[in-house]
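K.L.:
Here the protein sequences come in this chain order: X and W. Counting from 1, position 18 in the first sequence corresponds to residue 17 in numbering that gives the first Met the number 0; the numbering is continuous, with no gaps. Counting from 1, position 330 in the second sequence corresponds to residue 329 in numbering that gives the first Met the number 0; the numbering is continuous, with no gaps.
Keep in mind that the hints were calculated from the coordinates and are not lab data. Model, not experiment: these values are computed from the prediction. Please note: incorrect hints may appear among the correct ones.
Which copy is meant is left open, because identical chains are indistinguishable; a pair holds if it fits in one copy or across any two.
Unchecked claim - Here are the simulated EDC-like pairs of lysine to aspartate or glutamate, each with C-alpha atoms no more than 20 angstroms apart in a straight line:
#1 12 to 67
#2 157 to 82
#3 162 to 34
#4 162 to 57
#5 124 to 102
#6 307 to 132
#7 28 to 130
#8 169 to 179
#9 28 to 135
#10 124 to 258
#11 323 to 51
#12 138 to 179
#13 169 to 201
#14 120 to 102
#15 323 to 57
#16 169 to 183
#17 24 to 102
#18 162 to 179
#19 12 to 294
#20 323 to 56
2 protein chains.
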Amino acid sequence: MNPRIKWLRDKLKVQNIEGMIITNKHNIKYLTGLEAEGTLLITKKENIFITDSRYIEEVNNSLMIDDEITVSDVRGYTRVDYENFFMFCENVGFEEYSLTYAEYRRIQELYKCNNLVETEKIIEKLRSVKEDDEIENIKQACKITDDCFKYLLTYIKKGMTEKEIAHEIKEFFNRNGANDIAFEPIVASGPNSSKPHAVPTDRKIESNDVILIDMGCKYNGYASDMTRTIFVDSISETLKKEYEFVLDVQNQVLKLLKEGRNIREIVLVLENNYNMSRHVIMHALGHGVGLECHELPFLSSTNMNNLKENMVLAIEPGIYVASKYGIRIEDTVIINKLSCNILTESSKEIIII
Amino acid sequence: MNPRIKWLRDKLKVQNIEGMIITNKHNIKYLTGLEAEGTLLITKKENIFITDSRYIEEVNNSLMIDDEITVSDVRGYTRVDYENFFMFCENVGFEEYSLTYAEYRRIQELYKCNNLVETEKIIEKLRSVKEDDEIENIKQACKITDDCFKYLLTYIKKGMTEKEIAHEIKEFFNRNGANDIAFEPIVASGPNSSKPHAVPTDRKIESNDVILIDMGCKYNGYASDMTRTIFVDSISETLKKEYEFVLDVQNQVLKLLKEGRNIREIVLVLENNYNMSRHVIMHALGHGVGLECHELPFLSSTNMNNLKENMVLAIEPGIYVASKYGIRIEDTVIINKLSCNILTESSKEIIII
Chain X
0 MNPRIKWLRD
10 KLKVQNIEGM
20 IITNKHNIKY
30 LTGLEAEGTL
40 LITKKENIFI
50 TDSRYIEEVN
60 NSLMIDDEIT
70 VSDVRGYTRV
80 DYENFFMFCE
90 NVGFEEYSLT
100 YAEYRRIQEL
110 YKCNNLVETE
120 KIIEKLRSVK
130 EDDEIENIKQ
140 ACKITDDCFK
150 YLLTYIKKGM
160 TEKEIAHEIK
170 EFFNRNGAND
180 IAFEPIVASG
190 PNSSKPHAVP
200 TDRKIESNDV
210 ILIDMGCKYN
220 GYASDMTRTI
230 FVDSISETLK
240 KEYEFVLDVQ
250 NQVLKLLKEG
260 RNIREIVLVL
270 ENNYNMSRHV
280 IMHALGHGVG
290 LECHELPFLS
300 STNMNNLKEN
310 MVLAIEPGIY
320 VASKYGIRIE
330 DTVIINKLSC
340 NILTESSKEI
350 III
Chain W
0 MNPRIKWLRD
10 KLKVQNIEGM
20 IITNKHNIKY
30 LTGLEAEGTL
40 LITKKENIFI
50 TDSRYIEEVN
60 NSLMIDDEIT
70 VSDVRGYTRV
80 DYENFFMFCE
90 NVGFEEYSLT
100 YAEYRRIQEL
110 YKCNNLVETE
120 KIIEKLRSVK
130 EDDEIENIKQ
140 ACKITDDCFK
150 YLLTYIKKGM
160 TEKEIAHEIK
170 EFFNRNGAND
180 IAFEPIVASG
190 PNSSKPHAVP
200 TDRKIESNDV
210 ILIDMGCKYN
220 GYASDMTRTI
230 FVDSISETLK
240 KEYEFVLDVQ
250 NQVLKLLKEG
260 RNIREIVLVL
270 ENNYNMSRHV
280 IMHALGHGVG
290 LECHELPFLS
300 STNMNNLKEN
310 MVLAIEPGIY
320 VASKYGIRIE
330 DTVIINKLSC
340 NILTESSKEI
350 III
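With the hints as extra help, turn the sequences into a complete structure.
P.N.:
Spelled out as structure tokens, the structure:
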């Protein structure tokens, strides 16, 4: 059987859950490799992927017999069939973080399970520790992102708009083997950089601007995530100090990262630095990176878990002064036994173009 | 007060709902014009948009005093504040189609409402009938889409890949004033056209190919949706007959569309045609188009509602023969009192390039 589904079955067994209804598309891709719309049922006897006529052809072409996944057309089932899937199961798991309340009510009505139980991101937790092929894909996505940054340093000129630069980032990814963007690139210049989630505008790059660039691509479905903040023509003393502050905080955090380190402990290092220097914390320190650009673990002070080997994280401290400027530095890193490896290798020296 | 929120308040009153928690981003944009992440609370006394520090600046810049919307930072509230929002309300509405089950449990826990009630797409139903400015935006999106199709007829050449063509569609939209794509364009050639939701591949356009192109852009946030199927160098007698069948079904449907027409009745016309000619129905006849590319009303035989004036619909009959070919013809149309207007004006004659 497909080893990831095998793992899931073992894990469910320990929790006394006898079946599961999987609807999250990233989890379905992770478990089966499939990108079609549908529902994956883990029943006592079988793994069944229920899809519709639009996808049957593709799905049958991509599954292997060793996967032990039965594919079927949603139109082939009666109401009685649905009731039979989990008839002898006491507890059936569902994904409370991806089903809407209306969908939850629908599966409750359809499968008539004895007891639908929340599975608390069981698959997402497995996904947070990456396997070798996943790491290779993320490394490749990071490499394309680094190449893009190098290219941007020669491409960006005064008079260009944020939108033009964001568009060129997407074009670069497309030309250089990425399958997709990981998210819409952020290019925020001058005062626009003070909005952590700025959307590129028609503002033109001017002399003395800060330019904050947050970008990532996908390679074989896996994301990269990197931010660099650069300066046009000059950098003021204030901005230089602010930049060095953010870089110093990031470096302190990066030095702490290794297997077994407590997440809350790492975040408190950032919080202490910000509080001591009267900077305001506007967003979390970081997040996991994989099939989704934002996935487990989330790096906040309420997360009491420890890091594990082969987790991939984005570490992104930033400071934002409303209507004035913003500075963020972000890298994608992988956790090792005794340290971390930084996968995005673009320079973090102060860059003036 | 903002007239759409005023309408919503009146509508809720009739249903004996005394407050509402709005989380769907399209509904928030529709009601307030805002595109920031956050929650809109309709309480007895106030309209409150709770967002976070990343968005406060933008939101305050875009709201008008007449909107009567209070903006606040999520970090400004205690647990007691949340319990006070709906303290004297018997029934508080929520959006069961956009909240996840986990989020539902969270708001249940947070607001401690007496009774959380499903609002059955109350805002989505209002959105299905478009106002003048919305229609203008959709018309503009359709015009850009028509221009794109005209351009593609000169652009597409044998040897190009589906991916290249899909990319050029996005480039065209970008160059010609669209703010975004409505969805990833489908360009499916030869046997790939038999998959209704094909993703563009590296397959090169060949002589005698069918090419199915499904595309749409967004203008001021509003979508267009159009499909054309064209032929390379020649068309076989079989394909000619199939094309004429699809076009004939679409024409029959378009002639029926007007205010007051029953949706089920329209869909049955399609079903009769398909059954009589032994064609297989692979997807619904169509859907509403607006802020979302797929929105209410959905045109299926289980929909017993009648059409209303100023609904905007995509009408998209198609036929698919596995591994051989697919043909789909789709237009965006607006419902009038006595007929419909077709907003996508590209030719539906058989086109051989």
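K.L.:
Look at each hint and say if it fits the structure.
P.N.:
Each hint tested on the structure:
In the homo-oligomer, the alpha carbons of residue 12 and residue 67 lie at most 20 angstroms apart inside one protomer (19 angstroms), although the nearest pairing across protomers, at 53 angstroms, exceeds that limit. For the identical chains of this complex, residue 157 and residue 82 are neighbours neither inside a copy (64 angstroms) nor across copies (51 angstroms), given an alpha-carbon limit of 20 angstroms. With identical chains, the CA atoms of residue 162 and residue 34 are at most 20 angstroms apart between copies only, with a shortest distance of 18 angstroms across copies and 31 angstroms within one. In this homomeric assembly, residue 162 and residue 57 come within 20 angstroms of each other (Cα to Cα) only across copies, at 18 angstroms, whereas the closest approach inside a single copy is 36 angstroms.
Taking CA atoms no more than 20 angstroms apart as the test, residue 124 paired with residue 102 passes between copies only; the shortest distance there is 19 angstroms, against 23 angstroms inside one copy. In the homo-oligomer, the alpha carbons of residue 307 and residue 132 lie at most 20 angstroms apart inside one protomer (17 angstroms), although the nearest pairing across protomers, at 53 angstroms, exceeds that limit. Proximity of residue 28 and residue 130 under a CA criterion of 20 angstroms is satisfied intra-copy only: 15 angstroms inside one chain copy versus 40 angstroms between copies. Within a single copy, residue 169 and residue 179 get their C-alpha atoms as close as 8 angstroms, and across copies as close as 13 angstroms, so both meet the 20 angstroms cut-off.
Only within a single protomer do residue 28 and residue 135 lie at most 20 angstroms apart by alpha-carbon distance; the minimum there is 17 angstroms, versus 40 angstroms between protomers. In this assembly of identical chains, residue 124 and residue 258 lie within 20 angstroms of each other by CA distance solely inside one copy; the values are 16 angstroms within and 51 angstroms between copies. Taking CA atoms no more than 20 angstroms apart as the test, residue 323 paired with residue 51 passes between copies only; the shortest distance there is 18 angstroms, against 52 angstroms inside one copy. In this homomeric assembly, residue 138 and residue 179 come within 20 angstroms of each other (Cα to Cα) only inside a single copy, at 15 angstroms, whereas the closest approach across copies is 29 angstroms.
In this assembly of identical chains, residue 169 and residue 201 lie within 20 angstroms of each other by CA distance both inside one copy and across copies; the values are 17 angstroms within and 19 angstroms between. Within a single copy, residue 120 and residue 102 get their C-alpha atoms as close as 17 angstroms, and across copies as close as 14 angstroms, so both meet the 20 angstroms cut-off. In the homo-oligomer, the alpha carbons of residue 323 and residue 57 lie at most 20 angstroms apart only across protomers (13 angstroms), although the nearest pairing inside one protomer, at 51 angstroms, exceeds that limit. In this homomeric assembly, residue 169 and residue 183 come within 20 angstroms of each other (Cα to Cα) both inside a single copy, at 8 angstroms, and across copies, at 14 angstroms.
Within a single copy, residue 24 and residue 102 get their C-alpha atoms as close as 15 angstroms, and across copies as close as 18 angstroms, so both meet the 20 angstroms cut-off. Within a single copy, residue 162 and residue 179 get their C-alpha atoms as close as 18 angstroms, and across copies as close as 12 angstroms, so both meet the 20 angstroms cut-off. Proximity of residue 12 and residue 294 under a CA criterion of 20 angstroms is satisfied in neither setting, with 25 angstroms inside one chain copy and 40 angstroms between copies. Proximity of residue 323 to residue 56 under the C-alpha cut-off of 20 angstroms is restricted to the inter-copy arrangement: shortest distance 12 angstroms between copies versus 54 angstroms within a copy.
In this structure, the hints that do not hold are numbers 2 and 19, in rising order.
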